[in-house]
Amino acid sequence: MKKFFLLLFILALFGCTSDTKTFENEELSITLPKWVQPTKELNPNAPYQWWDPEKKFYIILNSESKQVVHDILQETEGFTADFKGNCAYLKREFKELFITTNINEKEGNLHGNNFQTMQLHARLQEYKFYYSVTYVETSDRYYQLVIWTDLDQKATYENLIQQISTSLKIKKP
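Quick note: to get this note's numbering, add 44 to the position in the sequence shown (first position is 1).
The set of hints was computed from the structure by calculation and includes no laboratory data.
The C-beta atom is built at its ideal place from N, Cα and C for all residues, glycine as well.
No incorrect hints appear here.
As a list, the in silico DMTMM-like pairs of lysine to aspartate or glutamate whose alpha-carbon atoms are at most 20 Å apart:
| # | residue 1 | residue 2 |
| --- | --- | --- |
| 1 | K100 | E85 |
| 2 | K84 | E68 |
| 3 | K78 | E68 |
| 4 | K216 | E68 |
| 5 | K110 | E70 |
| 6 | K84 | D96 |
| 7 | K99 | D63 |
| 8 | K65 | E98 |
Pairwise CB distance ranges (calculated):
| # | residue 1 | residue 2 | range |
| --- | --- | --- | --- |
| 9 | G122 | N89 | 16 to 26 Å |
| 10 | H114 | K78 | 34 to 44 Å |
| 11 | A90 | K65 | 17 to 27 Å |
| 12 | E151 | H114 | 18 to 28 Å |
Please work from the sequences and hints to get the whole structure.
Set out below in C-alpha coordinates:
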(Lines of atoms letter the chains of each structure in order from A and count residues from 1; the text may use other names and numbers.)
(Lines give C-alpha, C1' and ligand atoms only; values in the text may rest on other atoms or scores of the structure.)
Protein backbone atom coordinates (compact mmCIF):
# COMPACT_ATOMS: atom_id res chain seq x y z
CA MET A 1 0.00 0.00 0.00
CA LYS A 2 2.88 2.39 0.81
CA LYS A 3 4.40 1.69 -2.60
CA PHE A 4 1.09 2.51 -4.25
CA PHE A 5 0.89 5.92 -2.53
CA LEU A 6 4.55 6.61 -3.29
CA LEU A 7 3.96 5.79 -6.95
CA LEU A 8 0.82 7.95 -6.98
CA PHE A 9 2.77 10.83 -5.43
CA ILE A 10 5.58 10.53 -8.00
CA LEU A 11 3.09 10.43 -10.87
CA ALA A 12 1.35 13.49 -9.49
CA LEU A 13 4.66 15.37 -9.38
CA PHE A 14 5.53 14.53 -12.96
CA GLY A 15 1.99 14.98 -14.19
CA CYS A 16 1.75 18.60 -13.07
CA THR A 17 2.12 21.10 -15.86
CA SER A 18 4.72 23.76 -15.38
CA ASP A 19 3.62 27.38 -15.20
CA THR A 20 6.89 28.49 -16.79
CA LYS A 21 8.71 28.31 -20.08
CA THR A 22 12.37 28.84 -20.86
CA PHE A 23 13.55 31.26 -23.50
CA GLU A 24 16.96 30.14 -24.70
CA ASN A 25 19.35 31.04 -27.49
CA GLU A 26 23.13 30.92 -28.02
CA GLU A 27 23.60 33.98 -25.79
CA LEU A 28 21.38 33.42 -22.75
CA SER A 29 18.49 31.63 -21.09
CA ILE A 30 15.73 32.94 -18.85
CA THR A 31 12.70 31.29 -17.27
CA LEU A 32 9.45 33.15 -17.90
CA PRO A 33 5.79 32.70 -17.03
CA LYS A 34 3.99 30.75 -19.77
CA TRP A 35 1.49 33.54 -20.19
CA VAL A 36 3.93 36.27 -21.33
CA GLN A 37 4.35 36.71 -25.07
CA PRO A 38 7.20 38.20 -27.11
CA THR A 39 6.66 41.78 -28.21
CA LYS A 40 8.51 44.72 -29.76
CA GLU A 41 6.06 47.28 -28.36
CA LEU A 42 7.89 48.14 -25.13
CA ASN A 43 11.25 49.38 -26.40
CA PRO A 44 12.22 49.38 -30.08
CA ASN A 45 15.91 49.04 -29.17
CA ALA A 46 15.66 46.13 -26.72
CA PRO A 47 16.40 42.74 -28.31
CA TYR A 48 14.33 40.74 -25.81
CA GLN A 49 10.86 41.76 -24.61
CA TRP A 50 7.83 39.94 -23.25
CA TRP A 51 4.50 41.07 -21.88
CA ASP A 52 0.98 40.33 -20.88
CA PRO A 53 -0.87 43.65 -21.13
CA GLU A 54 -4.02 42.22 -19.56
CA LYS A 55 -2.06 41.19 -16.45
CA LYS A 56 -0.03 44.42 -16.64
CA PHE A 57 3.24 42.50 -16.55
CA TYR A 58 6.25 43.60 -18.61
CA ILE A 59 9.82 42.37 -19.16
CA ILE A 60 12.68 43.95 -21.11
CA LEU A 61 16.15 42.43 -21.39
CA ASN A 62 18.77 44.60 -23.03
CA SER A 63 22.36 43.79 -23.97
CA GLU A 64 25.13 46.29 -24.71
CA SER A 65 28.78 45.98 -25.68
CA LYS A 66 31.03 46.94 -22.77
CA GLN A 67 33.23 48.98 -25.07
CA VAL A 68 30.29 51.05 -26.34
CA VAL A 69 29.11 51.67 -22.77
CA HIS A 70 32.63 52.56 -21.58
CA ASP A 71 33.00 55.06 -24.44
CA ILE A 72 29.74 56.75 -23.38
CA LEU A 73 30.73 56.76 -19.70
CA GLN A 74 34.15 58.28 -20.44
CA GLU A 75 32.36 61.25 -22.00
CA THR A 76 29.86 61.55 -19.13
CA GLU A 77 30.99 63.54 -16.12
CA GLY A 78 30.77 61.82 -12.74
CA PHE A 79 30.77 58.18 -13.85
CA THR A 80 33.59 55.66 -14.08
CA ALA A 81 33.96 53.50 -17.19
CA ASP A 82 33.29 50.19 -15.42
CA PHE A 83 30.41 48.07 -14.11
CA LYS A 84 29.74 50.27 -11.08
CA GLY A 85 29.80 53.38 -13.25
CA ASN A 86 27.38 51.77 -15.72
CA CYS A 87 24.99 50.82 -12.90
CA ALA A 88 25.18 54.30 -11.37
CA TYR A 89 24.54 55.92 -14.76
CA LEU A 90 21.52 53.69 -15.51
CA LYS A 91 20.11 54.26 -12.02
CA ARG A 92 20.41 58.01 -12.47
CA GLU A 93 18.63 57.82 -15.83
CA PHE A 94 15.86 55.74 -14.26
CA LYS A 95 15.43 58.12 -11.35
CA GLU A 96 15.23 61.08 -13.73
CA LEU A 97 12.25 59.48 -15.49
CA PHE A 98 10.28 58.60 -12.36
CA ILE A 99 9.64 59.72 -8.83
CA THR A 100 11.07 56.75 -6.93
CA THR A 101 10.58 55.47 -3.38
CA ASN A 102 11.13 52.30 -1.35
CA ILE A 103 14.40 51.51 -3.12
CA ASN A 104 16.04 48.23 -2.11
CA GLU A 105 19.46 47.54 -3.66
CA LYS A 106 21.68 44.47 -3.60
CA GLU A 107 24.82 43.31 -5.40
CA GLY A 108 26.65 40.03 -5.71
CA ASN A 109 27.22 37.15 -8.10
CA LEU A 110 24.57 35.64 -10.39
CA HIS A 111 25.58 32.38 -12.08
CA GLY A 112 29.23 33.48 -12.19
CA ASN A 113 28.64 37.11 -13.24
CA ASN A 114 28.68 40.35 -11.24
CA PHE A 115 25.21 41.78 -10.71
CA GLN A 116 23.43 44.66 -9.05
CA THR A 117 19.71 44.77 -8.53
CA MET A 118 17.18 47.25 -7.25
CA GLN A 119 13.51 46.95 -6.50
CA LEU A 120 11.53 50.14 -6.17
CA HIS A 121 8.23 51.91 -6.37
CA ALA A 122 8.01 54.42 -9.20
CA ARG A 123 5.50 57.08 -10.11
CA LEU A 124 4.96 58.78 -13.45
CA GLN A 125 2.16 61.33 -13.28
CA GLU A 126 -0.77 59.46 -11.68
CA TYR A 127 0.56 55.97 -12.53
CA LYS A 128 2.33 53.89 -9.89
CA PHE A 129 4.57 50.92 -10.68
CA TYR A 130 6.68 48.27 -9.00
CA TYR A 131 10.03 47.76 -10.75
CA SER A 132 12.80 45.24 -10.44
CA VAL A 133 15.96 46.17 -12.33
CA THR A 134 18.94 43.82 -12.57
CA TYR A 135 22.30 44.74 -14.10
CA VAL A 136 24.67 41.91 -15.08
CA GLU A 137 28.31 42.14 -16.22
CA THR A 138 30.03 39.55 -18.41
CA SER A 139 33.50 39.67 -19.95
CA ASP A 140 32.36 41.66 -23.00
CA ARG A 141 28.74 42.76 -22.40
CA TYR A 142 26.39 44.43 -19.93
CA TYR A 143 22.83 43.19 -19.53
CA GLN A 144 19.89 45.07 -18.05
CA LEU A 145 16.77 43.14 -17.04
CA VAL A 146 13.77 45.34 -16.24
CA ILE A 147 10.52 43.82 -14.97
CA TRP A 148 7.54 45.87 -13.90
CA THR A 149 3.87 45.80 -13.05
CA ASP A 150 1.33 48.13 -11.49
CA LEU A 151 2.16 48.87 -7.86
CA ASP A 152 -1.13 47.34 -6.71
CA GLN A 153 0.03 44.05 -8.32
CA LYS A 154 3.29 43.94 -6.33
CA ALA A 155 2.10 41.34 -3.81
CA THR A 156 0.81 39.13 -6.63
CA TYR A 157 4.01 39.17 -8.69
CA GLU A 158 6.91 39.95 -6.34
CA ASN A 159 8.05 36.32 -5.92
CA LEU A 160 7.61 35.60 -9.63
CA ILE A 161 9.70 38.66 -10.51
CA GLN A 162 12.44 37.45 -8.17
CA GLN A 163 12.38 33.99 -9.80
CA ILE A 164 12.64 35.48 -13.29
CA SER A 165 15.52 37.74 -12.26
CA THR A 166 17.55 34.94 -10.71
CA SER A 167 16.87 32.57 -13.62
CA LEU A 168 18.81 34.73 -16.10
CA LYS A 169 21.88 32.81 -17.25
CA ILE A 170 24.39 34.30 -19.64
CA LYS A 171 26.11 31.55 -21.62
CA LYS A 172 29.19 33.55 -22.60
CA PRO A 173 30.67 34.91 -19.37
